[in-house]
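Enquirer: Chain by chain, the residues run as shown.
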Amino acid sequence: MKRTLYYLIIVATLVTSSCRKFESQPEERTLETDVFDPTDKVGALSTAYLLGIYSFLPTGFNRIDGDILDAATDDALPSSNRSGISLFTNGQLTAANYPDNNWSNSYTIIRRSNVFLNNIGIVPIPADIRKRQVAEARFLRAFAYFELLKRYGGVPLVGDKVFSLADNLDLPRNTFAECVTYIASECDAITPDLPNGSAVIAAEFGRIPSEAAMALKCRLYLYAASPLFNGGGFESNAEVKALTGYPTADASRWQQVITAAEALIAKGYYKLPTGTGTTVYSAVFTTKINTDIIFSKQSANSTTLENANAPVGYVAPATSNGRTSPTQDFVNAFTNLNGTAFTGSTTSAAQYENRDPRLKSILFYNGVQWLGRAVQTYEGGLDKPNLAFKTQTKTGYYMRKFMADFASSTTYSNQSHNFPYFRFAEVLLNYAEALNEVGRVEDAVKQMNLVRARAGITAGTGSRYGIRIGVTQDELRELIKNERRIELSFEEHRFYDLRRWKMGSVLSGTLKGVQLTLDGTTLNMVNQDVANIVFQNKYYHMPIPYGEIIRNTKLIQNEGYY
Amino acid sequence: MKKLIYILAILLFVLDLSAQAQKRQLTGVVSDATGVLPGVTVLEKDNPSNGTSTDENGKFSLNIQGNVIVLKAVGYVTQEVLVQGKTSITIKMQEDQTMLNDVVIVGYGQKKKVTLTGSVSSISGKDIKQSPSPSLQNTLAGRITGFSSQQRSGQPGNDGATFNIRGVSSYTGNNNPLIVVDDIEFTYDQFASLNANEIESISILKDASTTAIYGIKGANGVVLVTTVRGKVGKPQITFQTEYALNQLTRRPEYLNAYEAASLVNEAQVNTNTLTPNPNFVRTFSDADLALYRNGNDPYGHPDNNWSDILLKDFAPQLRGNFNITGGTEKAKYFVSLGYLNQGGQLKDYSVDLNSKFYYKRYNYRSNIDLHVNKDLDVRFDLFGSVDETNSNNASANSIFSDLGRSAETAPYNYPVYNPDGSLGYSSWQRNASGRNNNNLVGRLMYNGYFRTFSNNINLSTSATQKLDFITKGLSVKATLAYRNLYNYSRYLQRPTSGTGFISYIYDPVAGTYSFGQRDNIYRLSIPSLTYGPGSTNSALTLQGILNYNRVFGDHHVSGLFLYNQNSKKAANSSNIDYNFIPENFRGYTARVNYDYKQKYMVEISGAYNGTDRFSSDKRFGFFPAASVGWNVAEEKLIKDNLKFLDLFKLRASYGLVGVDNTNGVYAYLQSYAAGSGTGLFGLATNNGYGVVTEGTLPNNEVTWEKEKKLDIGLDIAAFKNRLTATLGYFNNNRYDILTTRGTVSAVFGQALPNVNLGKTNNKGFEAEIGFSDKVGANWNYMIRGTYSLAKNKIIFMDEAVPLYSYQRLTGQSIGSVLKYNWTGEYYTAADIADPAVAKPTIGGRPGDFKYKDLNSDGVIDASDRSYFGNTNLPTTTFGITLGGGYKNFSLTVLFQGATNFVASAQGAVIHHNASNALPIHQQHWTPELGNSAKYPQLYTTALSQSPRDYYSDFWAIPADYIRLKTAELSYTAGPKLLNKLKVKGLRVYTSGYNLLTWTKLDKLYNLDPEVLESAGDLPYPPTRIFNMGINVTF
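Heads up: the protein sequence lines correspond to chains A and B, in order.
1702 is the number that my numbering gives to position 387 of the first sequence; each next residue is one higher, with no gaps.
159 is the number that my numbering gives to position 178 of the second sequence; each next residue is one higher, with no gaps.
There may be inaccurate statements among the hints.
[Claimed, not checked] Covered by chain A, per the in silico footprint, the following chain B stretches (three or more residues, Cβ under 8 Å):
# : segment
1 : 671 to 684
2 : 722 to 729
[Unchecked claim] Calculated pairs, EDC-like style, for lysine to aspartate or glutamate (alpha carbon to alpha carbon, straight line, at most 20 Å):
#  : chain 1 : residue 1 : chain 2 : residue 2
3  : A       : Lys1869   : B       : Asp779
4  : B       : Lys981    : B       : Glu234
5  : A       : Lys1761   : A       : Glu1577
6  : A       : Lys1869   : B       : Glu780
7  : A       : Lys1582   : A       : Asp1503
8  : A       : Lys1853   : B       : Asp838
9  : A       : Lys1465   : A       : Glu1874
10 : A       : Lys1356   : A       : Asp1443
11 : A       : Lys1705   : B       : Glu247
12 : B       : Lys549    : A       : Glu1343
[Said to hold, decoys possible] One side of the interface only, derived from the structure: several residues of chain B facing chain A at Cβ under 8 Å:
#  : residue
13 : Ser652
14 : Ala655
15 : Gly663
16 : Leu664
Hints listed in this document are in silico derivations from the structure and should not be mistaken for laboratory results.
Source: prediction; values computed, not measured.
Backbone N, C-alpha and C fix where the C-beta goes; we use that ideal spot for every residue, glycine too.
Using the sequences and the hints, build the whole thing.
Expert: Right, here's the structure in full:
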C-alpha cells in the first residue's frame, strides 16, 4: 500500500517536473529586429516594410461607398439613389458622416514611414539604396500630409516621431502655412535622392520617381496660391482661418508654381506621349507605363472598374452596375473639334459629332459602339431598361474613361487600372494656370495648347487650337479651368479645383441630363433636370472627423461643423 | 491502444468476479411508503466490498457471510438490518426528511447541501433527459436559476444555444462560462455533443466561493458536468429508442404572387409620385396581375409558394441508446453507446449529390471504477463522439437566407419546372440586377453539399490513494486526462454561379424553349471536390489533489490542495502565427472547510494560477474567496418553536475570480506581419513584392480580467422538505476588462493594443421555490419556479466624451446599440412640405418614420441616435415546472420565458425592398391610415426607413416570450407487467420541446423570439420537437 503511494508520488513528480518549462513565446514571430536587421546586407524585410506602406495610398476610382469622388461635383452624379457620395451635394455633410475620411489612413502612412526612417539606419544596405528608400518613405509621408491638407487644411505635424502609448497625443493643428512649408521642404530634400523617371526600371514601375516629388510640390504650391487658400478663406475666426489657409493674399505665390513646373519639365523624361486623338488619350489610362503617368496607384489587371461603371446592359463577364452618370453640363463643357466653345443644340445626337475627341474616350452616350453593339440609353433600351430594383443611368450617359476600347470583343476582360496621382498633363495645366495668373497669358496659351493638341483638337490657323488671338487673362482663366475639367476628369481634381477656385456656386443648382425616347425608329431627345445640388461655404473645407474631435481636445474643428 | 485498454479493464473485472468465496444467499425486497424501491445499495457491513443494488422491482439477492447488511439510497435514511439466520427479508426504507445526506457536486469534490456556503444550482440527469433536444445546453433553460440561453438556430448539428451564467460582465472579451466535465476542461462543441444519457448531474457554479478555485478561468461561472458511473449489481442492460418529429417553431410565410406583385407596383407608383416621370411604367401590368390572380398562365405568370416548395412539414429525428452498468464493489462499469440522427427541414431534391441537412452522431463512453485494495481506487474513463454534419451548397448564404429574399424566391420569379419537365427560368429573373442565380430547385438537385466530420476522443484516468496511515481522513488523487477534437470537411459541389446545370426559359405563347440563366451550357458540369484537412484541438490535463475530510465530534474539517496543469493546442484562424502553439496553464488551488454541528460553516478557498499568454512577471495571480453560513433552523430557539422549518440557512460569500480573455494570443508581444498582401509593381499583372507591416502594438502589462463577486443567499426547507426555496442576491464588479482605449487620437497611426481598464457592474437576484407532495397512495405532484434577474452596466471604458451625452455608452448595458427614437408617427405630406419639421438628411417622404430630433438642429442625422431601451440579452428569465403522477403515469411540463429584451431583423428578413412580401407589408402607411399603420409607406428605396441605416425602436421591439419548453408524459411499467414481459424495467414516454410559444415579437416579425438582434438573413429557425420513446432494462 505504501509502495503504491510511493509509486504515485514518483510518477507525479516525474510528470510534473518534465512539464516544468513553459514555451516562453512563439519563436516564429517576425520582430522589429528581424525587419531592421543589422546583419542584412540586402535589406530584404526592410524593403518589404517600405513597400508595405504603398498599400495604404488612396485607391481612387469608385472608392467612396462605391462611387467616384467626381460624382460629388457638377460633372456626374451617382446612379444609385442611396450612396454616401450624395452627402457632399445634398447639404447633409457632417463631421460624423464624412465619407472620405482619410485621417487615420494618412497618419498610418506617416507612422509607418517614421518607423522606417528611424530604423533603416542600422540596416547595412548600400548607401545609394538607403538614400533612395529614405526618400521614398519621406515622399509617402509628404503625400499623406498633402492628402490631409487638401481636405482639412493644417493638421498636426508630427515630424519623425514614432508615438508610444505613453506619449501625449492631444496635439494641436499646425497652420496651413506651416504644413505647406513642411511638405515643400520635404519635397525639395528628397528630389535629388529619388531616381529620375527614366531610371526606374520596368519591374519597379510604380515606385516613386524624382519627378513625383516635384509634381507634388507643384500641386501643393498651386493649391497654396489659389484663391481659397491664398488669403481668401471665408472663416470669421482668424485662428481657424490660419489653420485652413494663408491669412493674407500674396500673388507672388503663383511664381512658386511656375518654378516647380519648369524644374519638372526641364527633366525631360515625362512628356505627353506622341500621337493625338481619342485612342491616344485612352491609352494613357490603360497602358501601365507611359510618359504621361508620373505616379499612380498600382493594381493588378481586373474588370473591377467595368463592373462598377460600364452600362448596365453589358452582363459579361459579370453584371455591370453603371454607377456613374455624367451630366449634360459636363458634355457641354467639351469644346468643338476646332477648340471653340460648344453652343449647339443639346437635344440632338448631332451634338456628339465634331467635338473634342476626348468626349468619346470619357463618356458613353446613346449609339456608341462598345463590345460589339451600340450603347442603348433610350428609355427601355438595354442600358436603361427601367427595371425595378435596377440601378441605371440617370442622365442618359455613362462614364467610359479608364476603360479599354474592347471594340472587337464581345466581353470585357482584365485590364490595367492604375489610378493616376500625378500626370504630366496636370503639370502643364498647373503651369499654364500659374503663368496666366502672373500675367504671362500667351505663355500660358502655349502650355495649355500642348494638352489640347494631344487631345486631337485641330490646330487651326496659327496653331491657336480655337483660342482667339488677344485672349484676355480672365478669358484664359476660364478656358484653363475648362481644360482641367475635361483633361483631368474623374481623377479627383474637379472636387478640389472648384473649392480652391472658390467656385462653390457651381455646386449649387440643377444638374441636367438627356432623356431619349424611341418613337419607331427615330429617337427624341429632351433635356431634363436630374438632380438638385446644394452648397454652403463651410463645404470649402472638409470636417475633421467627429471621432478625432472628441478624442483630441486640442483639435479645432473647421468652421461650420461640430 | 483503445482495444488494449478495454481488454485490460474486462480482464480485471472478470478476475474479480471469480475471486468471490462461498457464502449463503440472502434475498429481499426493499420498499418505501409508496412502493418498491429500485436502486438501493445493499452491502454486507463487515465486508463493504460485497454488495449489490435493488432491481426495478426492489428486489435484491446477495451472498453474505456476516449477519448485518447496510442499505443506502439517496434521500433515505441509511439502515443497518440484522439478518442472522434469514434467507429472505422485507425492508422498508425511511425517507430522509432532513436532506442531511443530499450532496451537490462542486469543483473537485462534492459537498452536503446543508453545509454548502456557495451558490450552486444543479439539475439531475433524469430531468435533462425529459428534453428531446440533441444539444445539451438546450435542455437547461428555465430549470435552474442563473442560467440563461438563446437558441439562434435549428440547423442539425448547429442548434446549440449560446448561454451564460448570471448574465454578462465583459463588453469585449468572451462571456462563456468554463465547462468542466468530471474535473476536466471541455470545449463548447464537446459540451453540446454530450449524450444526455451519460449525465448524472450538472451543477452551475455561480459565486466566488465556488469559482475562485478555478482562478483565472472562473469569472464567467462554471458548468460542472458529472457523468454516470457504474452501480454495484448484476449487469443491467438498458435499451432506449426514440423517434421524434421536428418542426420549425416559425415557418416562413409569404404573400402569393398576385399580392407580392401588387406591392411591388405600389412601391413603384409611390416612388414615382415623388418626382413624377411621365414615361414611368410599372413592372407588372394590370394584365400581369390578373394572370397572377387567376393562375391561367402557370408558366408565364407562375405563383410559387417557396416555403412549401422547399420545406417539409416535419423532419425526423432518431435517437438510440444502449447502456450496460453493473459490477461489484471491486469493479464497477458503465458503458454507453448512443446514436443520433437529426434530419433537416428541407425537402430532398438531391439527384446525385446529397443536399439534405442532417446531423449524425455516435457517442460512446466507458467509465470504469476499480477498487484495487481498501486504500486505492482507480478510475478509467474513455469517451467521445464521432459526428457528421451535412448541408447544401444550393446558396451562397444559406437556403433560408434565399427563402427570405425576393431577389431569389419571389413567388412570381419563374416556373420551377417547364411543361417538358426541364428546370424552368424566366427572362424577368435573368435580367433584374442581383437576381442572377439559377433555378433554386435545380441548385438543390445538383449543387452538392458541405459535409464536416468531427472526431472527439477523451481519455481520463485517475487514482485515489487513502493516506489514513499518515493521518485519518487524508487521501491523494492524481488525474491525467487527454482530450482531442479533430474535424475535417469534404465538399462535393457544382458551382453556385449557375454554370453547374441547365435551365430553360419557356415561352408559353410561342411554345418554345430558350437558354435559362446561362447561355451556352449544354450539360451538367462535373462536380468538384474540396477537402478541408481540418485541425486538431487538443489538451492535456494533469491534476494532483490532496484531500482531507475528518469529523472530530461536532467539528467537521475538510480541505483540499490541488495542483493543476493544462496545455492546449489548437489552430488559430484569426492569426496563423499562433497555430498549435501550446497555451499552458498551471496553478495551485487550496480550500478549507469547517463546520460546527452543521450549524455554522466557514470556507476559505483560493487559487494561485497563471498562463503563459501573459508576460513572465505577470503570469500568476492569486484569487481568494471566503464564505460563511449559518443554519438558523438548527438553533434551539427555532428548533423548538418553529418545528416545521427543516432548514433556514443564511450564507454569504465574497471573493476575487479572473478570466483570461486574450483568445490565446500573446498580447504582450508584437510581431510584424509578413506576407500579408503583396506590393504590385511593374508591368506584369501580378508582379508581387513581399510586404511586411507593423502589427498591433504590444501591451506588456496585459493581464486577466478580474471580478469581485459578492453573493448573499438564503436556503429554506420546510414541512418535511416538501417546500424548498433558495433566494440569492449577487453583485459582481468586473474590472481590468481588456479594452482598446477610446480617447487616443488616430494621429497615433497604429492600431492600439488592448489594455486592462474597463469596469462593469452586474447584479441581480435569483429565486427558486419548489413544493412537492403526495396525495394518498397513488397521486403525487410538484411545482417549481425559477426566476433570475441580472442587470449589467458599463462603469468605465475610456470612452471619448461624445458631443451629446445620450450617445455615451458608459453607463449603458453591455450590447447597447445606438438607435433612432421613433415618435410612433409617420410623416404626412404636410410634414414633408413644412420646413419646420425635422427630416432625415437623405430626405423624408410621406409615410416614412418620423424620428425625434434629439439635438433640435432641425435635421435627423446620426446625432439623433441614442442609447435607450433593452438589449438583445434578456435581463429576466424564468421557468415554471409542473409535475404530477398517478400510479405509473407521470406528467411534467416546463414553461420557460424571458423578458426585458429586444429582437429585430433587417434586410431580407423584414424590409420590403429585400425581403419577400410579408402580410405586415400590406398594412403599410397610407394617408388614410396615418399613424395607425403597422409598417411605413412602400417605396423602391429604403432611405430613412432602412432598418440597417436608420435602426430605430420601430424595428427593435420587445421580444418577451413564454413558451412550453418541454413536456413529458410517461408510463413506467409495474411489477406485474414486468414479470409478464420478463424484463426488469420498462418505460414508455412521449415528450416535446419548444411546443408552444407566446411572444410580443409577433407584433412585427414571424420569427422565433430568441433570434439575434438585427438579423439580416433569415436564420434556420429553431425547431419544435415531438418525441416518442421507449426504455427497456434487462
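Enquirer: Can you verify the interface hint for B:Leu664: is its Cβ closer than 8 Å to any Cβ in chain A?
Expert: Holds, because the Cβ-Cβ distance from B:Leu664 to chain A comes to roughly 5 Å (cut-off 8 Å).
Enquirer: With a cut-off of 20 Å on the C-alpha distance, tell me whether A:Lys1853 and B:Asp838 pass.
Expert: 17 Å, holds
Enquirer: Does B:Ala655 meet its interface restraint, that is, does its C-beta lie within less than 8 Å of any C-beta in chain A?
Expert: 5 Å, holds
Enquirer: Checking hints one by one. Is B:Ser652 an interface residue toward chain A, by the C-beta closer than 8 Å rule?
Expert: 4 Å, holds
Enquirer: Taking 20 Å as the top limit, are the C-alpha atoms of B:Lys981 and B:Glu234 close enough?
Expert: 18 Å, holds
Enquirer: Is it true that the CA of A:Lys1869 sits at most 20 Å from the CA of B:Asp779?
Expert: Holds: A:Lys1869 and B:Asp779 sit about 18 Å apart, inside 20 Å.
Enquirer: Between A:Lys1761 and A:Glu1577, does the CA-CA distance stay at or below 20 Å?
Expert: 14 Å, holds
Enquirer: Return the status of the interface hint for B:Gly663: holds when the least beta-carbon distance to chain A is below 8 Å, violated otherwise.
Expert: 4 Å, holds
Enquirer: Below or equal to 20 Å on CA atoms is what counts here, so check A:Lys1705 against B:Glu247.
Expert: The given pair, whose Cα atoms are some 17 Å apart, holds under the 20 Å limit.
Enquirer: Within 20 Å, alpha carbon to alpha carbon, are A:Lys1465 and A:Glu1874?
Expert: Distance of about 15 Å is within 20 Å: holds.
Enquirer: Closer than 8 Å Cβ to Cβ for three or more residues is the test here. Does the segment 722 to 729 of chain B pass it with chain A?
Expert: holds (count 7)
Enquirer: Given the hinted pair A:Lys1582 and A:Asp1503, is their Cα-Cα distance within 20 Å?
Expert: Roughly 15 Å separates the two Cα atoms, so the pair holds.
Of the numbered hints listed earlier, not one is contradicted by the structure.
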